[in-house]
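Read off the chains here:
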Amino acid sequence: MAQAPQKPNLARRRFIADSGKAVSIVALLGFGLQPVINQAQAKSVNYIRPPGALPEADFSAACVRCGLCVQDCPYDTLSLAEYGQVAAAGTPVFEARKVPCEMCEDIPCVKACPTNALDKTLTNIDDAEMGTAVLIDQEHCLNFLGLRCDVCYRVCPVIDKAITLQMQRIGRSKHAVFLPVVHADHCTGCGKCEQSCVLDESAIVVLPRDVARVSSAEHYRVGWDEKQKRGKSFLPEVLDLPDRRPK
Amino acid sequence: MKRLRILVLRRLVQFGIIGLFLSGSWWGVEWLKGNLSASEVLETVTLVDPFLALQSLVSGQVLGMVSLLGVLIVVLFYLVVGGRSYCSWVCPLNIVTDFAAWFRSYFKIKNNISVSKNTRYWLLFGVLALSATSGSMVWELVNPVSGFQRGILSGLSSAWAIGVGIFLLDVFIGKNLWCGHLCPTGAFYAQINTVGLLRVKAPKQAECDDCGDCYRVCPEPQILPPVLKGDHPLKVVGDSVCTNCGRCIEVCDRAVFQYGVRPFGKS
Ligand code: SF4
Ligand code: SF4
Ligand code: SF4
Ligand code: SF4
Chain A
6 MAQAPQKPNL ARRRFIADSG KAVSIVALLG FGLQPVINQA QAKSVNYIRP
56 PGALPEADFS AACVRCGLCV QDCPYDTLSL AEYGQVAAAG TPVFEARKVP
106 CEMCEDIPCV KACPTNALDK TLTNIDDAEM GTAVLIDQEH CLNFLGLRCD
156 VCYRVCPVID KAITLQMQRI GRSKHAVFLP VVHADHCTGC GKCEQSCVLD
206 ESAIVVLPRD VARVSSAEHY RVGWDEKQKR GKSFLPEVLD LPDRRPK
Chain B
298 MKRLRILVLR RLVQFGIIGL FLSGSWWGVE WLKGNLSASE VLETVTLVDP
348 FLALQSLVSG QVLGMVSLLG VLIVVLFYLV VGGRSYCSWV CPLNIVTDFA
398 AWFRSYFKIK NNISVSKNTR YWLLFGVLAL SATSGSMVWE LVNPVSGFQR
448 GILSGLSSAW AIGVGIFLLD VFIGKNLWCG HLCPTGAFYA QINTVGLLRV
498 KAPKQAECDD CGDCYRVCPE PQILPPVLKG DHPLKVVGDS VCTNCGRCIE
548 VCDRAVFQYG VRPFGKS
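Just so you know, the sequences run in chain order A and B.
Count the first sequence with our numbering and you get residues 6 to 252, in order.
Count the second sequence with our numbering and you get residues 298 to 564, in order.
It is worth saying that the hints were derived from the structure and are not from the lab.
A virtual CB, placed ideally from N, CA and C, is assigned to each residue, including glycine.
Among the clues, some could well be false.
Pair by pair, the computed Cβ-Cβ distance ranges are [what the hints assert, rightly or not]:
{"no.": "1", "chain 1": "B", "residue 1": "Q488", "chain 2": "A", "residue 2": "D230", "range": "27 to 37 angstroms"}
{"no.": "2", "chain 1": "B", "residue 1": "W399", "chain 2": "A", "residue 2": "K26", "range": "24 to 34 angstroms"}
{"no.": "3", "chain 1": "A", "residue 1": "Q39", "chain 2": "B", "residue 2": "W399", "range": "55 to 65 angstroms"}
{"no.": "4", "chain 1": "A", "residue 1": "H191", "chain 2": "B", "residue 2": "V492", "range": "48 to 58 angstroms"}
{"no.": "5", "chain 1": "B", "residue 1": "V305", "chain 2": "A", "residue 2": "V203", "range": "55 to 65 angstroms"}
{"no.": "6", "chain 1": "B", "residue 1": "Q555", "chain 2": "A", "residue 2": "P113", "range": "45 to 55 angstroms"}
{"no.": "7", "chain 1": "A", "residue 1": "D81", "chain 2": "B", "residue 2": "Q555", "range": "33 to 43 angstroms"}
{"no.": "8", "chain 1": "B", "residue 1": "V377", "chain 2": "A", "residue 2": "Q39", "range": "39 to 49 angstroms"}
{"no.": "9", "chain 1": "A", "residue 1": "A62", "chain 2": "B", "residue 2": "Q488", "range": "25 to 35 angstroms"}
{"no.": "10", "chain 1": "B", "residue 1": "R308", "chain 2": "A", "residue 2": "H191", "range": "33 to 43 angstroms"}
{"no.": "11", "chain 1": "A", "residue 1": "G37", "chain 2": "B", "residue 2": "F374", "range": "45 to 55 angstroms"}
{"no.": "12", "chain 1": "A", "residue 1": "Q39", "chain 2": "B", "residue 2": "N415", "range": "42 to 52 angstroms"}
Cross-link-like lysine-lysine pairs, in silico, DSSO-like; alpha carbons within 27 angstroms at most [stated by the list, open to error]:
{"no.": "13", "chain 1": "A", "residue 1": "K26", "chain 2": "B", "residue 2": "K414"}
{"no.": "14", "chain 1": "B", "residue 1": "K299", "chain 2": "B", "residue 2": "K414"}
{"no.": "15", "chain 1": "B", "residue 1": "K526", "chain 2": "A", "residue 2": "K26"}
{"no.": "16", "chain 1": "B", "residue 1": "K526", "chain 2": "B", "residue 2": "K299"}
Produce the entire structure from the sequences given, and follow the hints as far as they go.
Structural data, given as structure tokens:
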């Protein structure tokens, strides 16, 4: 079929119309999807990612939602998020209160991932940073009330590093209490503690790291850390201030 | 039955793939793991959907060797069998939209909104542009195609809602509205199809008696006239949106069409 050559201004008009169409479709898509994007990128407290997951913004762009990690988890910890859940639809998450991560030594979920969404450089599961446990309700924690429940402490796979018990005297009675204290450097966020808390709702909860932690302010230094770095303290050990006596 | 032989074969392939994903392990090996976004064949070869990989790439992510190789295998495969063979032989949503098309013709439903068949390309472009500007796989937050596939293969209940939604769209809003006008996944595979080897040909073009049977079953009937009426030397259904479904081949009483090979670089 031979086509009559188009007049140039017709071709230009078509080009302008087509470009307009392209721009408006992109804009409409963008507007329409904005709430979904916001929701998916919002900090969330009710899901945790598998071990080795990239930071959230990268993760949801790197994960192709194949579910291979889910299938290779021997404990059925992971599941793919449904539409309407806070996590981007189809990305892997887990709810620690239901099934925590058992911190497999061979980390099968990371091995299964065909993309870089789960970082292959994670080879020691103790280095995982799925989240950070936070004792969100001290007032109901049995140890705070003076019992020796200790359950979260005992189930922790990184016991005595990730959770320690801190003895403290309180004025209420002559007894001391043993407060469970989480140390974020060692906590992997596996959620064993959250799963095991004996209360109806867990008093200790794993939160995504960006929710649970803030960065330390530049102008505050921790004296004992600085001392270790320098090998000696900033100031002479015993400050000898000039004695001033009342005349 | 002769008029349905390719259709039956396609359904066997489509359901067979779903079956292999769901069957779990037989004799200790899993046939297919994962879903159509990425999968593992016999626990050795990894396959990755190139459209998903592309979205991830333009969002600024680096794909590892495993997934790049997985993409390469899939692309090479579709360069041989024709890109949109994905649509009519693999994609499970095609079962839904084919059923919707049959439903429309059976109940003589004529509702149709006019949407350009090129909308899918604009959507494809928009999806990729948005991924690039937002740095995340925006389309995958809502994509009903991967949502449906994942729902079926990974056992999520949202698959039903998506299936019903697309069915209603195709039955009551517009003919072949999803697969023939809107789906960016199909538009992506059509790009691969521009050079696909396996093509539908019309070697006996002269036999055509204008009965119109092929027009009634083809999901992209606009591509048929050049083949039936044109003087193309290869008499190939050359348009990249052809899904290689073979419906025209099987419904034609005069055996005008058949599958054939188009040498690379010829359109
Ligand atoms: S480390 Fe083990 S238990 Fe934890 S998510 Fe991965 S596979 Fe599952
Ligand atoms: S295996 Fe990797 S790409 Fe697949 S769902 Fe899990 S994190 Fe995403
Ligand atoms: S989440 Fe709880 S159990 Fe797991 S490492 Fe952290 S403190 Fe221990
Ligand atoms: S056009 Fe889209 S939904 Fe339809 S069969 Fe192809 S990929 Fe599947």
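Quick one: are R308/B and H191/A within 33 to 43 angstroms, going by C-beta? With a Cβ separation near 55 angstroms, R308/B and H191/A fall outside 33 to 43 angstroms, so the hint is violated.
Does the structure keep K26/A and K414/B at a Cα separation of 27 angstroms or less? 13 angstroms, holds
So if I understand the rule, the pair passes when the alpha-carbon distance is 27 angstroms or less; does K526/B with K299/B pass? 26 angstroms, holds
Supplied distance hint 42 to 52 angstroms, evaluated on CB atoms of Q39/A and N415/B: 25 angstroms, violated
Hey, K299/B versus K414/B, does the alpha-carbon distance stay inside 27 angstroms? 31 angstroms, violated
Check whether the Cα positions of K526/B and K26/A lie no farther apart than 27 angstroms. Outside the cut-off at roughly 32 angstroms; violated.
Starting from the range 39 to 49 angstroms, see whether the pair V377/B and Q39/A falls in it by beta-carbon distance. 40 angstroms, holds
Could you check the hint for me, namely that Q39/A and W399/B are 55 to 65 angstroms apart, CB to CB? 37 angstroms, violated
C-beta pair G37/A, F374/B: status relative to the range 45 to 55 angstroms that was hinted: 34 angstroms, violated
Pairwise beta carbon distance, Q488/B to D230/A, judged against the given window 27 to 37 angstroms: 56 angstroms, violated
Given the hint of 48 to 58 angstroms, is the C-beta distance from H191/A to V492/B inside that range or not? 55 angstroms, holds
Looking only at beta-carbon atoms, does the pair Q555/B, P113/A fall within the given range of 45 to 55 angstroms? 48 angstroms, holds
Going down the numbered hints, you'll see the structure goes against 1, 3, 7, 10, 11, 12, 14, 15, while the others check out.
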